[in-house]
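Asker: Each chain, written out:
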Amino acid sequence: MKGRWQNSIHLIRPAAVFLAGLVLFLVVRVFVVPPTFGQFGHYRGAVLDEIRALPVKYAGQQACAACHEEETHLKSKGKHASVACETCHGPAAQHAEDPGSVRPGKPEETALCAGCHEMDAAKPKWFPQVNTKEHMAGMRCLECHPAHDPAP
Amino acid sequence: MGPVPGVEGFMYPNEVELQWSLLIVLYPYITGLVAGAFILASLERVFRVKAVKPTYRLALLTALAFLLVAPLPLQLHLGHPERSFAMFLTPHRSSAMAMFGFVYLWYLLVVLLAEIWLDYRADIVRMATVETGWRRWLYRVLTLGSMNVSEQARAVDERVGYWITIIGIPSAFLLHGYVGFIFGSVKANAWWSTPLMPIVFLFSAMVSGIAAVMLLYMAAMRLQGRKLDMLCLDTIARYLFYVFLIDFSLEMLDLVHRIYEADESFRSLDFMVHSRLWTSQVVVQILLGTCVPLLLLASVLLFRFSETARKHIYVVAGILTLVGIFAMRWNVVIGGQLFSKSYLGYTSYKLDFATREGLLPAIVLMLLPFAILWVLVKLLPPWKPEEEGRDGVCAVAS
Chain A
1 MKGRWQNSIH LIRPAAVFLA GLVLFLVVRV FVVPPTFGQF GHYRGAVLDE IRALPVKYAG
61 QQACAACHEE ETHLKSKGKH ASVACETCHG PAAQHAEDPG SVRPGKPEET ALCAGCHEMD
121 AAKPKWFPQV NTKEHMAGMR CLECHPAHDP AP
Chain B
1001 MGPVPGVEGF MYPNEVELQW SLLIVLYPYI TGLVAGAFIL ASLERVFRVK AVKPTYRLAL
1061 LTALAFLLVA PLPLQLHLGH PERSFAMFLT PHRSSAMAMF GFVYLWYLLV VLLAEIWLDY
1121 RADIVRMATV ETGWRRWLYR VLTLGSMNVS EQARAVDERV GYWITIIGIP SAFLLHGYVG
1181 FIFGSVKANA WWSTPLMPIV FLFSAMVSGI AAVMLLYMAA MRLQGRKLDM LCLDTIARYL
1241 FYVFLIDFSL EMLDLVHRIY EADESFRSLD FMVHSRLWTS QVVVQILLGT CVPLLLLASV
1301 LLFRFSETAR KHIYVVAGIL TLVGIFAMRW NVVIGGQLFS KSYLGYTSYK LDFATREGLL
1361 PAIVLMLLPF AILWVLVKLL PPWKPEEEGR DGVCAVAS
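Chains as they are written, first to last, in our numbering: chain A, 1 to 152; chain B, 1001 to 1398.
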């Protein structure tokens, strides 16, 4: 029995190496895995507070409508009714806070319009889409299509 | 040709560009070689096929060399290799892909390294005493401090090694079956989604691994100017034929099933096989990569050939087999992304050269296991010195 043990004892060495590796991994894990990981799901729980603490960039449709009644009314009857103001005008939270000194940037209209209306075979047939190079013929989009009520 | 280059018919916008590139073709190819090489090694160890003994250690080292490279295509494809450690730190148990790390580690540490260490222990201890300089230190570290290589200790090693191999067989099945599962479980993709996928991957893995070790054995013997053990070679070729036959039957079963079932995806997939995949699937994979090697291997069983003729047949059959299995991986990975989920359009794959996922890194990744194997063979010669001169089983001059 003693001889058998002596001739098997070398097997403990690789097992000890594996075990040492495992222990090292578990120790590293304690320091590396964020404490709030898994609090709500397979992500770091504290990230929710961090995201909440980020500055708000978008004011939201209601904030725009409070001052820009005319444009809101015009848009609500047109084909862009479902497009939010800030989709084209960009994030406007700062403008809503301080309308006098912060003004939203003016959108670059050709690129902006083409973003949705450039011809693409993957889009549904009913969606208005043009080959901008052929369609524009040196003109600007807004010359024919007022953005708040673009039809036709 | 539609307005988008390389696209015919209707593709959804996110289907035009292939996300899984040549590197993702390499990944199942390399893991397949690992699993196949290990299964060949287990033939001798567990199933007592003594004729293949000269390739036992070479097969283990081949499996290790390829296993070390197996995750690299994934790392290169995804970028940010340091993030892969996170899958160990915070394991996601419901993701098959995230579980790969554990399957890989299990196979590397518990199966391959343990088995290689146990089998080589006597040689390592011997070399720790006869070698000099840094090699002596390396072998001393590898002994893990135990110099006991008495007959009884070796008997214990043999018994434990046997059990590790027994655990290793389902582990090898798990390693490569898992890769097949990754593809087979994508229910949105009609080209991949079949429960046969893991088992087809498994058998094709065995085929490629056995063919690779057969060729490596022939190359190693030739490089050293030693005589080949023809009994060993004939036995490997016979097993290659049997496993290949099962693999081919499974793939044809899948094909026949698809043709007979002819579900809503069939017309689209059938068109793809007859157009964009014709060369890689029908010509390279099925005809050149499967039918020809199967006929060659069958001819050796049916007719009497001279030793030289058999060697030539094995080389040609082995190379064609490896090309065919690579084509199979290509057709699964790339083929599955060439058609639209709408079944109304097809895109094409443009292979770059010197980019992160181009042909050049793929070639380097494919050569890397051979470089690792060369180092491993130098450090741990697969052929024992005491067998020198016996039927071509020889020591590696180191």
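Hints in this document: simulated from the structure, not taken from any laboratory.
Glycine included, C-beta positions come from ideal geometry on N, C-alpha and C.
One or more hints might be untrue.
Label pairs and their in silico Cβ distance ranges [claimed, not checked]: (1) B:D1234 with A:V23: 46 to 54 Å; (2) A:V47 with B:V1256: 46 to 54 Å; (3) B:S1084 with A:V47: 56 to 64 Å; (4) B:A1096 with A:M119: 38 to 46 Å; (5) A:V47 with B:Q1075: 44 to 52 Å; (6) A:L26 with B:C1291: 47 to 55 Å.
Lysine-lysine pairs mimicking DSS-like chemistry, simulated, CA-CA at most 25 Å apart [to be verified]: (7) B:K1341 with A:K123; (8) A:K125 with A:K79; (9) B:K1341 with A:K125.
Asker: Against the structure, test the hints numbered earlier, and report the numbers of the ones violated in rising order.
Answerer: 3, 5
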